[in-house]
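Residue numbers (my numbering), protein chains in the order written: chain A, 1 to 446; chain B, 1 to 359.
Keep in mind that the hints were calculated from the coordinates and are not lab data. Every value quoted in this text rests on a predicted model; they were computed, and no experiment measured them. All residues carry an ideal CB built from backbone N, CA and C; glycine is no exception. Don't take every hint at face value.
[What the hints assert, rightly or not] With the C-beta cut set under 10 Å, the calculated list includes, among others, these residues of chain B facing chain A: (1) R6; (2) L38; (3) F61; (4) F223; (5) A224; (6) A312.
[What the hints assert, rightly or not] Estimated spans, in silico, between C-beta atoms of each pair: (7) A/L402 x B/V44: 41 to 49 Å; (8) B/N10 x A/W394: 52 to 60 Å; (9) A/A142 x B/N10: 52 to 60 Å; (10) B/N10 x A/W267: 43 to 51 Å; (11) A/F239 x B/R318: 31 to 39 Å.
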Amino acid sequence: MTTVLLWALLAALSWLVPMRFRPLSWLAISVGALYTLQAPGPDFATVTLLLIVGVWWLVRRDPLTRSDQLALLICAGIAFCAAFLHGSAVTLAIGLALTAASGTTLSTLIPSEMEDNSTHRRLAVLWIMALIALLVTLKTPALVSLSRVTLVTPNLSWFGFSYIAFRLMHVLIDYRNGRLPSLTLRDFALYVVFFPTLSAGPIDRVGRFVPDALTERRFKARYLVAGGERILWGLFRKFVIADSLAYWALSPALIDPAKMPRFGDLWIMLYVYAFYIFFDFAGYTDIAIGIGILLGLTLPENFRRPYTRANIAAFWNHWHITLSTWYRDYVFTPLSRTLLRANWPPALAAFIAQLGTMILIGLWHGVSWNFAAWGAWHGMGLYVHRRMLTQIRWPSRLESQLWFPRVLTVGGVLLTFHFVALGWVFFALPDLHSSFAVFARLLGIN
Amino acid sequence: MGADGRLLRNVLLKALLLFMLFNIAYYVVQPLPLLDHLTLYNGVFPGRERFAWSEYPDQSFSVSLARLDAQFASHRLAGIPKTTDEYRVLFLGDSSIWGLEVAADGTLPACLDRLKLSMPDGRTIRAYNLAYPAPNALRDTLILRHALTYQPDLMVWPITLRSLSQREFALSDIVLAQSDEAMQIARAAGIPLSLPAANWIDRTFWAQRSTLGTWLQHQLQGFAWRATGIDTAPHEFAAPPQFDLSPETGYDMTDVAYPMLVTGVAMAGNAPMLLINEPIYLSSGKNSDLRYNADYPRAAYDQYRAELASLATQQHWRYLDLWDAVPPSQFIRTALHYTPEAACSIARLIGERIRAAAQ
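Bound-form chain B, shown alone (with noise of 0.2 Å):
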């Protein structure tokens, strides 16, 4: 072997070496527990009004965050002390309460928020968004869990017919990174839940590469976020929901899984819970007689409807049936999606509400 063969032999083997060293120190030190706190928000930059999510990271100076202890650091709710004269409300949720298609100053939270209603006692209504995209209970269950050492003095959950399908269960990046929380949430709910097991590797850096870059991407997009307060691509066209419908009318109800609302309520322990049936889109166009929308039948979300109440009631739990309060042409681009306008006027329901059940 010439002197060119022994510096490339000694080169790719340098670099093997130090990859394999660099791999076991980080076994070793595993340091994203440590990275989900420690975060450039809430000091060089504001905290966010909502948590990290993005469907096109390169328009939005954002991106999805599936850790939950670095979602609640870079979060203003994290950056501000509770004061005496403040009723904190923390809303879980969906990608309707989270402000699909509008700016983060635009969602319900926000708006509840702006609204700086009083209490009987005197302390203002300050409303935070903790909700994240896609209809989820065991994801919001496990927001829940994080959420309540923030001292909230309210807890709204709103959830739709699919927030409690358990086949979507496993389907957030939220549940899978935090899986094992999430299987111990699930096996109290009586719900079998499937999720693929960790191994030796996803410990290691090569594994963890892809979380470490999107925790530096959501670092440095911090000055974005300061600089426009824009932490989602803004769709050009508004498009309404799908008018005419589908005349199918299957609904596997046996996948709704209750069991989750009864575990998460109870997991509030102390802190008060508002359940909410959300808002949809009542469409009047083809086949609206059988279905309400493209996601639900009129005969599947009818039972829904009427099972949530009756457990509400059986559960003395604080129930707000929501499912007709915003006129279709409030809804864009889907079923649960609305204006900033329905938004507002949702939030000024949901205010009086809070403040009724407290006199």
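Chain A with its partners taken away, still in its complex shape (with noise of 0.2 Å):
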């Protein structure tokens, strides 16, 4: 809460630094997030500032410009207080490396007509499958715990990283395909590390980011009021919805396969569950469209009413939206295309698609068979349905009913819930076995 309140603060007066140094302000005080949001452990987020560096090395057509160069200055200058204040010898010699690139000589060692070749598609494709294995790692428990094991390192805790490695991957497959627009240092910086989607999001892309951000734009009260109501919103749907519910929620600590709670108990944890998850997943992102909107900025939605949706496909259209498009635009569209123009049955081809797709959107939570499970559970939802619009055929009597796509949409929406209900026994607890223990005891079976 604290935190919020600081970062919608700062966000306010930013107002005060002229325009031309707005984006730079908005970058110095999310390297300073990055900062002091990381655990204690491994230097991530000097890690995090040698990635964005690194990447858009890789990616860009224009030398380093001037303000590039301040913002290099900027994140050294935020990474040498981390070192003074950590005691850490390496983010001192990575300040001391910006510094060192921030001068004029690599500007000029940089040439300007930098064209994409195969070559550095070829490096593109490395990048993301290095960010890919760093993400399975992080995400893989038990990788973590062999890291606390072998006291490799005590904290695997990358603050944001599964939304920072998923705009890198982004910037990096639309330059390999051709599509990513011409960026500067400082722009590329801010959009993988802005402050207020640091920690929950949402996913936006860096072609619609970049142009907001830079939009000239004059002080307006109707920021703050605006902002200010979205963030309050956010604050009551995460802290007193969401952590209320949190009480009733299902969770493994109320979940004890050999005494497991009575019927009805578990049929209200589990709706309970539904409702904790949107309210505070929505309060987050709330408060992330908020501070954008003190700032000026129109960050994307990322929740519109999922649990009002009539059908899977439509339920998935409306939660969390900016994962599930990138997923839809860089994981389902291109794997549909391939298995299409290789021949696979389209029926087959739609089937894989969709349950990889969704597979995938389950281990990004987190690298276990419940995610999976969770994934393949949603994918076979979508699946069905997809395969049920074009095979059910009302009787017409009941389709020129005034009232029957009233019922339909109810029944719909009912059904729709029940099932994503359902799949959050795969994600609300820790292994399989717990989870069709409760399964079994909703179905009645034990």
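Combine both chains into one complex, guided by the hints.
Okay, here's the thing in structure tokens:
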């Protein structure tokens, strides 16, 4: 809560900075946030800066600008402060390197006519694979535990990396496909670590974000009013509603497969969990969007009343929208096309693409059987829904009734909600054994 | 000032006005005493086995409630009407009775309750846990005062030397939340007690928001309590207490407030009281010739035991000295906390003493 209020205050104060320096001031706040929110342990904040510079170096079209040099100096300054506070030699060294990079020498070393070429495209693929490998390592509990046991590092929590990695991958994929606009280092860095979106998204697109961030705006009181309203709403949804629901929500602490709660209690826990996770996530998104409004920016919406949707496809079009569209654009569509080009039967191609995409969405939350099962549950749901759309034909005497579409919608909403809620069992619990035990009790089997 | 500026000014003024009006209304109504008695426990959810308290609120489905009326309202004691065949025993005490490290059904009172011992007149002993963590005789006396409305047939008051430390009386959240009553009791006992004076700001919504939040959390946690019976975070490691001790032998015996015991027992009035000297861990490690454990030097503790026994005889109290009743292997974490098995063996001893005293 204090962090949110501090961010909101800094966002409001950034209007005092002249327009031409405002993106730099946002970058300074963002990098500061990156360092302050990173848990003690390895210098992940510094590594994030290195990743940003590394990816930008690969995808750049133009040499360093003056504002890029200032951006590098700001990052280096914050790294020096962090190195001083935490006594980190690595961060100090990186800070020095960033300072050196900000010098004019490097800018002359980089040719300004960098064109996309096959070597760079191959390097982009390597970057993407490295980011995926990093993501898998950080999201695999066994590997994280191993790091603790072997004392390689006591803490592998990399603040905001799920989002940072997806922004970097989006840029690399678009670069590889020749769709990336020209980006300065300052704008690119700001896009990757933009402070309101660090902890819980949304996963914006660089082509939308940068022009929005660079639009010249004069201060308007309505930014403060609308942004403040959205932040308050987010705080209420997260800290009042979600945190209260958390006491009743399905959780590993409440589930002992040997002593399962009563049938009714378990259904209550499941329903409460469904709303808890929505309000928790949507609350954070409101706060991010609200801070964006304070700055005069329009961040993309992530949730649009998902539980009121009448089918599972519509649900996914309104739940964690920026993540699902990311997967649709970069996994589902290319995978479907590839399979169809390889002459797979359309139905099978759709099934594989749907299931694969959803399992990957599940694994994005953490590499475990449960998240994979959650993804598979939704993948199957989406596939069945798609098949039903083409198969089901209602009798014409029913379709002609005025009440029929309404009944169909209400039934669809209820069915979709229960399908999604049952899927949360996999999401909320840590292992398949307890998940199946809960399923069995929910269905009255044991 | 443009339209935007006016909008911002109006929003801020309205917010400030609403905030002030709400605080004034809250100041006038003072809803906390009403909320203390408003509870989902003993209705929607079963009453709690012991007072709500938590070392790790996030893991234990419990919060520390400082207001005694709210504690009693959610305790199972408030939901069970006393019947003619019930011999009601209420336990005061510290964390060793409350049951730190053990589940709600593994505490000493819970074990005594399960034994369902019969009194000579045919009534069955029903025991209730009214203990609260940290030894504090003033806090116990406050709880005793509230407990008397629940028609006890016997109050059991386990204490240890630290319970009588005057310096620690004011450290309890319960004492602070019932400061007027606490001052009254301390005055009756002739014990100087300094508590922060309440001012008008303490009666506003802003000042009481944390208490209100705790009350709300406590109500919400009732569901988890019903579903799991968990009210404390189980510790993964039941580490033994400190074995090797420091050679330090100093203990300020002038800080020991026996008058608090006299006041407490007197306050019980017609309800008989059984005073118990709690079991402590007896280390045989380094410097154990100087100290019994990390808490107590031998000389100070021996002096306390002798003085307490003498006071009990002089005041004609029912008194049970169980200082060495639990073998060292049964202690966990500190010199005062023991396993559920040890709690049950102590419960049997106490049960027999209660029955013997009634014959």
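Check: Which numbered hints does this structure break?
Finding: 2, 6, 11
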